[in-house]
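**Student:** Chain residues, written in single-letter form:
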Amino acid sequence: MATVTGRRRPATWLRRHAVSYVMLLPFVALFAGFLVWPLANSLYLSFTNFDGVNPPRLTGLENFRRLFLDDERFRHALSNTATYVVATVVLGTLLSLGLALAFRGPSWPHRIMRTIFFLPSVTSTIAIMLIWKWIFDPNDFGLANTVIQWFGHSKPVAWLATPGLSVPILVLMAVWGGMGYGMVIFVAGLNSIPEEYYEAARIDGASAWQQFRRITLPLLRPVTTYVVVTSLIGAFQIFEAVYIVFRTNANTIGGVLDSGLMIVPYLYDIGFTHFQLGYASAIAWVLFVIIFAISLVNLRIGRAFKEL
Amino acid sequence: MRRTLTAACIALLSVLGAGCATSGTSQTKQAGTSGPANITYWSTGGDDDTRIFQKAADLYHQSHPSVTIKVQTLTWDDSYAKLLAASTSRTGPDVVSGGLTWMIQFGRRGGMVDLRKYGIESLKSQAHPQMWKSASSPDGSVYGVPLDMSTELLYYRTDLLDKAGITPPKTWDELTAAITKLKAAGVKKPFNIDWGNLDWIGYFNFLYQAGGSFYTPDCKPALNTPQAKQALNFWISLYRKYGAPTANITGENALDTGTAMTITGNWIGNTIQASKPKLKGKWAVTTLPAGPASPAAFIGGRSIGITSYSKHAAQSADFIKFLYTDQAINAMITVAKGRAVPYIPPRPDAVSRADFPPGEEAAVAQSLKTGMPAPGCPGWDEAAPNVAKQLQSAILGKTDATTALTQAAKIMQDNAA
Chain Z
1 MATVTGRRRP ATWLRRHAVS YVMLLPFVAL FAGFLVWPLA NSLYLSFTNF
51 DGVNPPRLTG LENFRRLFLD DERFRHALSN TATYVVATVV LGTLLSLGLA
101 LAFRGPSWPH RIMRTIFFLP SVTSTIAIML IWKWIFDPND FGLANTVIQW
151 FGHSKPVAWL ATPGLSVPIL VLMAVWGGMG YGMVIFVAGL NSIPEEYYEA
201 ARIDGASAWQ QFRRITLPLL RPVTTYVVVT SLIGAFQIFE AVYIVFRTNA
251 NTIGGVLDSG LMIVPYLYDI GFTHFQLGYA SAIAWVLFVI IFAISLVNLR
301 IGRAFKEL
Chain C
1 MRRTLTAACI ALLSVLGAGC ATSGTSQTKQ AGTSGPANIT YWSTGGDDDT
51 RIFQKAADLY HQSHPSVTIK VQTLTWDDSY AKLLAASTSR TGPDVVSGGL
101 TWMIQFGRRG GMVDLRKYGI ESLKSQAHPQ MWKSASSPDG SVYGVPLDMS
151 TELLYYRTDL LDKAGITPPK TWDELTAAIT KLKAAGVKKP FNIDWGNLDW
201 IGYFNFLYQA GGSFYTPDCK PALNTPQAKQ ALNFWISLYR KYGAPTANIT
251 GENALDTGTA MTITGNWIGN TIQASKPKLK GKWAVTTLPA GPASPAAFIG
301 GRSIGITSYS KHAAQSADFI KFLYTDQAIN AMITVAKGRA VPYIPPRPDA
351 VSRADFPPGE EAAVAQSLKT GMPAPGCPGW DEAAPNVAKQ LQSAILGKTD
401 ATTALTQAAK IMQDNAA
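Chains as they are written, first to last, in our numbering: chain Z, 1 to 308; chain C, 1 to 417.
For the record, the hints were derived by calculation from the structure and aren't laboratory data. Please note that a few of the clues may not be correct.
[Said to hold, decoys possible] Derived DSS-like pairs (lysine-lysine); straight-line CA-CA distance at most 30 Å: (1) C:Lys181 with Z:Lys155; (2) Z:Lys155 with C:Lys282; (3) C:Lys280 with Z:Lys155; (4) C:Lys278 with Z:Lys155.
No experiment lies behind these values; they were computed from the predicted model shown.
Chain Z with its partners taken away, still in its complex shape (with noise of 0.2 Å):
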């Protein structure tokens, strides 16, 4: 009897559950189609020699063994990325919490401040690198040297030759660029705080900044998870910033000296201009195990200190 009762007969579970399987389905064939396949595609040719033309050929681990020992150009990538991670990840978050703790109100001005911040987040990407291009131009219609100009610094500054630059450019153009979306959220996140809380400390004498560190950054945890989390796999995916600013020409990408060279771009390189789709999947999926080992890491850590 335990069969009849512990399990549904399949015309009955039919009935139940074929619209919804039904319904899943349009996504269910995209989400195959457009990433499982693509996904698993690449991860085949992450162990073959592809060159884009040519059938693949199992090479078996020889990509990423040329990877972490032969390839220092991949080292260099990869240490780029890591210092501007760190850089946007800081001062990004730093910067969105500070706007939202200026911009929080419901009032007119706060509103007309958080849309201002909030544009870069809802414009073409493309179009606000070709401004940051211009910017930085060293010819006369540079802002930049214009700028620079004004305040007495004669002498034209190479800004994107200039290998000590680049990185600080590309941390400066992706902060400006999501501190909006991050205040947005922190804003979500400190206007979902009891207002009761503050009374309470501020009855037991409790200075601005206690409340601060006390109630408001303790609460804001999860908010400051996702948004540490969020933007770091964005920083880790930088591609356009460094292909549209940083391009000299057809085939050069990274910037003089490789100085704006970050992992994304340089996998486009390898794969695109070096007819290397082989290798430039195995570079892909270790930045996927970077990614996705970086952010267990974070989540444990929020979740640690949650449990304090």
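Could you slot chain C onto chain Z? The hints should help.
**Tutor:** Showing chain C alone in chain Z's frame:
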């Protein structure tokens, strides 16, 4: 556990399935030559270039009503990647034009048709000999033929040179002396390099002028030579001792904002005429200053070829041959007149028909006579950006010329394999 196993099995099956499905080369069945053919031609460049080549395509259609050719623009930035994507999927254009040596890189992987089987070698005697050599593979295959030409020249401000009491420099020594005199005369920006700034093209001029080359005739890297070192040291001195800016300042803007001399491509003459009225009567052009061995300058230009998946290879090859006829060249030159991009045909005997600003024609003709195009050796296009990084490290003082050249040669060797 069961769910994990199921997920793992699905993933494994997907990967195996992907392996079975990934594309590869296969023979493309050719459509008959007598039937109608709609040919797609991807032209790397700007919209002006597309208009120029579309004019030739329309003319061809008039004499071959069954063949229709549609020219589409690919920008220089995206073209290489798009051509690779087309080769991978084996769908896309029949005819492509791009960098002079690109067709070799695609062709040696099976992405382009060897044009010899369509009798394209009949064009060889008409084309610029060095351009033809660069566009052809070292093994003799012809995956692309030269489509047009451009070259590097020295543009200068006549008023500023007069102010310093100098004439346009004709040698390396005269160039450095001119920069010194211009500085002494109060010219703050005496010299600029536009086309080839911090790039291998910039080095190319000095390398060949010193008597060196990137490769030996049998395509072995040839940068470990005294000539290569001499050229690099001279190029470095132009930046570090004589103050050429490392930032990319376009030639016309450099002249317009007070730079006395700039090395750049021959197209800026048209740009100055169209967009820099303040410079009217104040600029002139000459060939690059000669080095100790020769006055060689870089010759650029595009090549044109047919994809290996085209169903209309014979008609496409016939169209390419048509591009070398007087009728097509004259029509393209007519369309190019008045546009920012000049069209210089790949036939040296037809260069004088092109539309040049006053005084530019003689300099272009002389430069094309003694100049050299990019090396057509296997792996050069892949190696070139990284060779440029090594040259940059020497210019920016991160390493010395010898080390940079040794590293560059190693990169070229690795990519040739």
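**Student:** For this structure, which hints from the list above don't hold up?
**Tutor:** none
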